[in-house]
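Keeping the supplied structure of chain A fixed, place chain B with the ligands upon it in accordance with the hints.
There are 2 protein chains.
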Amino acid sequence: MPSPSLLQQLISALRCLPGVGAKSAQRMAYHLLERDRDGGRELSRVLAQAMESIGHCSRCRTLSESGLCRLCANPERDPTQLCIVETPADQAMIEQAIDYRGCYFVLGGHLSPLDGIGPKEIGLDHLDERFAEGEVKEIILATNPTIEGEATAQYIHDMAETRKIKTTRIAQGVPMGGELEYVDGATLAHAFRGRSEF
Amino acid sequence: MPSPSLLQQLISALRCLPGVGAKSAQRMAYHLLERDRDGGRELSRVLAQAMESIGHCSRCRTLSESGLCRLCANPERDPTQLCIVETPADQAMIEQAIDYRGCYFVLGGHLSPLDGIGPKEIGLDHLDERFAEGEVKEIILATNPTIEGEATAQYIHDMAETRKIKTTRIAQGVPMGGELEYVDGATLAHAFRGRSEF
Ligand SMILES: [Zn+2]
Ligand SMILES: [Zn+2]
Chain A
1 MPSPSLLQQL ISALRCLPGV GAKSAQRMAY HLLERDRDGG RELSRVLAQA
51 MESIGHCSRC RTLSESGLCR LCANPERDPT QLCIVETPAD QAMIEQAIDY
101 RGCYFVLGGH LSPLDGIGPK EIGLDHLDER FAEGEVKEII LATNPTIEGE
151 ATAQYIHDMA ETRKIKTTRI AQGVPMGGEL EYVDGATLAH AFRGRSEF
Chain B
1 MPSPSLLQQL ISALRCLPGV GAKSAQRMAY HLLERDRDGG RELSRVLAQA
51 MESIGHCSRC RTLSESGLCR LCANPERDPT QLCIVETPAD QAMIEQAIDY
101 RGCYFVLGGH LSPLDGIGPK EIGLDHLDER FAEGEVKEII LATNPTIEGE
151 ATAQYIHDMA ETRKIKTTRI AQGVPMGGEL EYVDGATLAH AFRGRSEF
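Heads up: the protein sequence lines correspond to chains A and B, in order.
Heads up: the first sequence at position 144 corresponds to 144 in full-length UniProt numbering, and the numbers run straight through without jumps.
Heads up: the second sequence at position 163 corresponds to 163 in full-length UniProt numbering, and the numbers run straight through without jumps.
Looking at chain A on its own, in the form it has when it is part of the complex (with noise of 0.2 Å):
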């Protein structure tokens, strides 16, 4: 066998993309090479970017290029209500949809003690010491409705009651075993007015 030649290997590279299996990988590098050379080396070059510079942001978790999140760092958003999601996506959803005016706090996952992943690995000991500087007063649980974000909420809702802090769960028009990334936005938002004491 000899090497795989160049194209090869961009092609099997292109397979970490999600969703993209071998026919369109191939597709995608005939496209780029043959009509878009200035669109695959400038995706090439932000995603070097992206991969080095994009971090976490040290208070809320979710992705972030400062240390400190836009969000986190405005002093228009309310810290007293606090949105508990999921994943990165699931508050850019979130952000796009409602006219929602508190923070975040993003997870990077849900409770699953069969794959080790326990409240350390999706940071509720970071949360909880957010809980007792006393500042939040309401958190709102936006994980995905399924059983493991139900069992994450749950959990989630046994630490802000016993730092006295309430909590609410988007709850109305978010069909049970849906993802909350592929919810459209006035669904969302019916969900978000919905919400009620946990």
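Keep in mind that the hints are not guaranteed to be accurate.
Copies of the same chain look alike in the list, so a pair counts if it works inside one copy or between any two.
[Unchecked claim] Lysine to any residue pairs mimicking SDA-like chemistry, simulated, CA-CA at most 20 Å apart:
| # | residue 1 | residue 2 |
| --- | --- | --- |
| 1 | 166 | 138 |
| 2 | 137 | 76 |
| 3 | 137 | 161 |
| 4 | 137 | 72 |
| 5 | 120 | 35 |
| 6 | 23 | 181 |
| 7 | 23 | 184 |
| 8 | 137 | 101 |
| 9 | 164 | 195 |
| 10 | 137 | 158 |
| 11 | 137 | 126 |
| 12 | 23 | 92 |
| 13 | 23 | 189 |
Quick caveat, the hints were computed from the structure, so don't treat them as lab data.
Chain B with the ligands in isolation, oriented as in the chain A frame:
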């Protein structure tokens, strides 16, 4: 407006890939950042290298890292048979699907006078020089079975006729109006076997 964040730049750079809209670009960016930074780094590296180092074969015009592609440099390929295709993807498709032992010529498109794409833009001057060398005895026209592909095939047939070179056209089984790249291997093999005098 603040300048776009690196995350926003990454999402927009990913949209240069064919078939990738705003929503899947966002999913890809989050996937790489949260779950596959090594994959993202590798893609960036290979992409940059491919955009710089992959050029075109000086003989058959296909994509190639070296001045002469592996196939043109292979003494076991029959230089008397020349299969003419529109794109490197079509060539790759034929190589994968059937046991063809001849050589190729890659046009890089088809005649399209309204878009300013004439014979020279698809390398037909170069192809005629190759005909003049006298080595080619048969050309197999494997341009797309579209109106433009047929017109291009007709034009090349006329060129070959002047040079007394036999012309065949792949025919049976290739669905009219379709793109060669998306035809399954069996259909393509059938079309090859069933080729007829042009
Ligand atoms: Zn933050
Ligand atoms: Zn070649």
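Hints, verified against the model:
Taking CA atoms no more than 20 Å apart as the test, residue 166 paired with residue 138 passes inside one copy only; the shortest distance there is 5 Å, against 81 Å between copies. In this assembly of identical chains, residue 137 and residue 76 lie within 20 Å of each other by CA distance solely inside one copy; the values are 17 Å within and 77 Å between copies. Within a single copy, residue 137 and residue 161 get their C-alpha atoms as close as 11 Å, which meets the 20 Å cut-off; across copies the closest is 85 Å, which misses it. In the homo-oligomer, the alpha carbons of residue 137 and residue 72 lie at most 20 Å apart inside one protomer (17 Å), although the nearest pairing across protomers, at 72 Å, exceeds that limit.
Taking the shortest Cα distances, residue 120 and residue 35 sit within 20 Å of each other only across copies (18 Å), while inside one copy they are farther apart (47 Å). For the identical chains of this complex, residue 23 and residue 181 are inter-copy neighbours only, at 10 Å across copies versus 27 Å inside a copy, given an alpha-carbon limit of 20 Å. With identical chains, the CA atoms of residue 23 and residue 184 are at most 20 Å apart between copies only, with a shortest distance of 12 Å across copies and 30 Å within one. For the homomeric pair residue 137 and residue 101, the shortest alpha-carbon distance inside one copy (14 Å) is at most 20 Å, but the shortest distance between copies (75 Å) is not.
Within a single copy, residue 164 and residue 195 get their C-alpha atoms as close as 19 Å, which meets the 20 Å cut-off; across copies the closest is 80 Å, which misses it. For the homomeric pair residue 137 and residue 158, the shortest alpha-carbon distance inside one copy (15 Å) is at most 20 Å, but the shortest distance between copies (82 Å) is not. Taking CA atoms no more than 20 Å apart as the test, residue 137 paired with residue 126 passes inside one copy only; the shortest distance there is 17 Å, against 75 Å between copies. Taking identical chains as interchangeable, the C-alpha atoms of residue 23 and residue 92 lie at most 20 Å apart only when they sit on different chains, with a minimum of 12 Å there against 31 Å within one chain.
Taking CA atoms no more than 20 Å apart as the test, residue 23 paired with residue 189 passes between copies only; the shortest distance there is 19 Å, against 38 Å inside one copy.
In summary, this structure violates none of the numbered hints.
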